Amino acid sequence: MGKTAAKSSLALRNWEKLCRNKLAMVGFAIISVMILCAILAPVLSSNKPDEIDLSNRLMPPSGEHLLGTDKLGRDVFARILYGARVSILIGLSGALGGALIGTVIGCFSGYLGGWFDKITLRISEIFMTFPQLILVLILVVYIGQGLFNLILIFAVTGWTGTYRLVRGRFLSLREENYVDACRAFGIGELSIMFRHILPNTLSPVIVTVTLATAGYILAESGLSFLGLGVPSGIPTWGNIINAAKAVDVIRNNPWLWLPPGLAISLFVMGVNFLGDGLRDVLDPNQ
Amino acid sequence: MLNYFTFRFLSIIPMLFLVTVIIFVGLQLTPGDPLTYLIPPELLASANFDLEGYKKAMGLDAPVYIQFFRWLTDLLQGKLGYSLVDGSSIAKMISNRLPATLELAAAALIVSSILGILLGLISSIRQNSAADYGNTVIGIIGISIPEFFIGIIAIQIFAIKLGWLPVGGRFEYADSGFIDRLSHLIMPSLVLGFSLTAALMRYTRGTMLDVLGKDYVKTARSKGLPEWKVNVKHAFRNALMPVVLLLCFRLPLLIGGTVIIESVFGWPGMGGMILNAVSAKDYPVVMITTMMTACMVLLASFLVDLLTALLDPRVRFE
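Protein chains in written order, with our numbering: chain A, 1 to 286; chain B, 1 to 318.
Hints may be right or wrong, so weigh each one.
No more than 30 angstroms apart at the CA atoms, straight line, and that leaves these computed lysine-lysine pairs for DSSO-like [said to hold, decoys possible]: (1) B:K161 to A:K245; (2) B:K229 to B:K218; (3) A:K71 to A:K48; (4) B:K281 to B:K79; (5) B:K233 to B:K223; (6) B:K233 to B:K214; (7) B:K218 to B:K233; (8) B:K92 to B:K79; (9) B:K281 to A:K71; (10) B:K92 to A:K245; (11) B:K281 to B:K92; (12) A:K48 to A:K245; (13) A:K245 to B:K281; (14) B:K214 to B:K229; (15) B:K161 to A:K71.
Restraint-style ranges between C-beta atoms, simulated for each label pair [stated by the list, open to error]: (16) A:L36 to B:V64: 51 to 57 angstroms; (17) A:D53 to B:A280: 49 to 55 angstroms; (18) A:P60 to B:D74: 52 to 58 angstroms; (19) B:K161 to A:R57: 35 to 41 angstroms; (20) A:G168 to B:V21: 35 to 41 angstroms.
Now the stretches of chain A that chain B is said to cover, found in silico as 3 or more residues with beta-carbon under 8 angstroms [what the hints assert, rightly or not]: (21) 222-235; (22) 252-266.
What the hints contain is simulated information worked out from the structure, not anything from laboratory work.
Values in this document were obtained by computation on a predicted structure and should not be read as measured data.
The beta carbon of each residue, even a glycine, is placed where N, CA and C say it ideally should be.
In isolation and in its complexed conformation, chain A is listed as follows (with noise of 0.2 angstroms):
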């Protein structure tokens, strides 16, 4: 009963310091405002976002078109509210993917050591000579485009980080007093690592994966915005811009890269200021 209470109290600690930390919660009110327009999407907007009207190309925002229209008619300011739906899934999933796979090879690694140690961090340095752009690039070109995929290449290129942090923190715990308790009680390893060192190196880890969505939701509007990403008929943030690689649509239809633009900007910057926060609070050593 103490013991519950001591847990409870540590967490609601942490969460109002959180709440003093102004910055943070700016940037949990950003993401709360786009996240609920994203859900809100058919609400918002009675446009279709893959609706085509070549009659109606490139028009500059109306009434009918809040946001104007892109090369093929579609409504762009449906497409961003749509899209947003898309990319921070992407981002989410990515960043979620990334630090399972990094979790799980960590803990093995850092608490079995010996060979397996040694080679999956001989791999994990491999995959982090190769910039991440480029990594993904090679599996689009092997894999090919397409959401699901995006993700999938993600999450496979983007481990290192998580590896190298829960390894970092198995390879100190596993020396603590509890775990010899723990063995001393017939525990199983597996349950060692899963169910007693795991708990206590989760709150680095949120910490990453709440920025690596920002890296994640950055990652896949370039891609998109490089025509590599999620094709057109899906909308993304990144693929309406895809339109301003030409230079006469940066002249003249600023709608179409300023507002998906800004959508970017206002939502990663939202994430990273949470996720410096969360930082401060669970993770003070940084």
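Following the hints, complete the assembly by docking chain B onto the known chain A.
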């Protein structure tokens, strides 16, 4: 000292070797017949070309490990194969494009290092809570804005609206002067280095503040040294070390970032080459360019290591 440098240089070699192994494996996994990209296209297209006979003659049906070593020796001699798309020699393509990317990356590195460190230095010396708060915010905003968006905005403002700088490309014509080349280089390198500048600014400020609180700084001040000497000669040199380390970690980002920036500004470098190859599924070009990129990153971090060793007298050479 020479021992240390040689040791560091030699330790890159195993990594480089591993990279080539991975690239080779990647090349083997391509759909269709791997390693036919090594055959000059004129030969492939000619009427009585016997593919099987040629392979036997060139030893392309040997076991995989023998193929690997042959491929590696070819690589080191500069025989990089031919593009699947238009048959041009990959080595030639790289030699056309690599200098442009190196120029861009080096310019971005230099400019953002100087700018970031200088700004961080200034804001740490003139420390007050308003700058403190603003610095964090600016730092985060700096890394939140997508690079291509900054590029597009920069083009819109400086090239289209103000007309100060050209819209894109590397030069107007092949032997244009230094000023022309410089005006084409400014925007891409600044935009490429933008997030690096923001990160460096924030980090330098942090480490400088750490160092300025140390005892030896107080000692220097109490010796009566002029303030600028305390800041620059004593504090700054020690604050520089972690900053250089940060640079080392950020280098892959810089080289990866050239892909996007080259696309936005129409810069004719390796980034554009990779993009075209990926769009056209030109596997050999993708893999070989990737290998070049990895080599660039390894070499660059080696150079940064050298710099660290030179700057920090505490590093003892083992």
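Comparing the hints with the structure gives:
1. B:K161 to A:K245: Given pair K161 of chain B, K245 of chain A holds - Cα atoms ~17 angstroms apart, limit 30 angstroms.
2. B:K229 to B:K218: holds (13 angstroms)
3. A:K71 to A:K48: Holds. K71 of chain A to K48 of chain A sits at ~15 angstroms (cutoff 30 angstroms).
4. B:K281 to B:K79: holds (21 angstroms)
5. B:K233 to B:K223: holds (14 angstroms)
6. B:K233 to B:K214: holds (14 angstroms)
7. B:K218 to B:K233: holds (14 angstroms)
8. B:K92 to B:K79: With a Cα-Cα distance of about 10 angstroms, the restraint between K92 of chain B and K79 of chain B holds, given a limit of 30 angstroms.
9. B:K281 to A:K71: Holds, at about 26 angstroms.
10. B:K92 to A:K245: holds (27 angstroms)
11. B:K281 to B:K92: holds (19 angstroms)
12. A:K48 to A:K245: holds (24 angstroms)
13. A:K245 to B:K281: holds (21 angstroms)
14. B:K214 to B:K229: With Cα atoms ~15 angstroms apart, K214 of chain B and K229 of chain B stay inside 30 angstroms; holds.
15. B:K161 to A:K71: holds (23 angstroms)
16. A:L36 to B:V64: 51 to 57 angstroms: holds (55 angstroms)
17. A:D53 to B:A280: 49 to 55 angstroms: violated (31 angstroms)
18. A:P60 to B:D74: 52 to 58 angstroms: holds (56 angstroms)
19. B:K161 to A:R57: 35 to 41 angstroms: Since the Cβ atoms of K161 of chain B and R57 of chain A sit about 25 angstroms apart, the hinted range of 35 to 41 angstroms is violated.
20. A:G168 to B:V21: 35 to 41 angstroms: violated (28 angstroms)
21. 222-235: Answer holds; 5 residues pass the 8 angstroms Cβ test.
22. 252-266: holds (count 5)
Hint check: violations occur at hints 17, 19 and 20; the rest are consistent with the structure.
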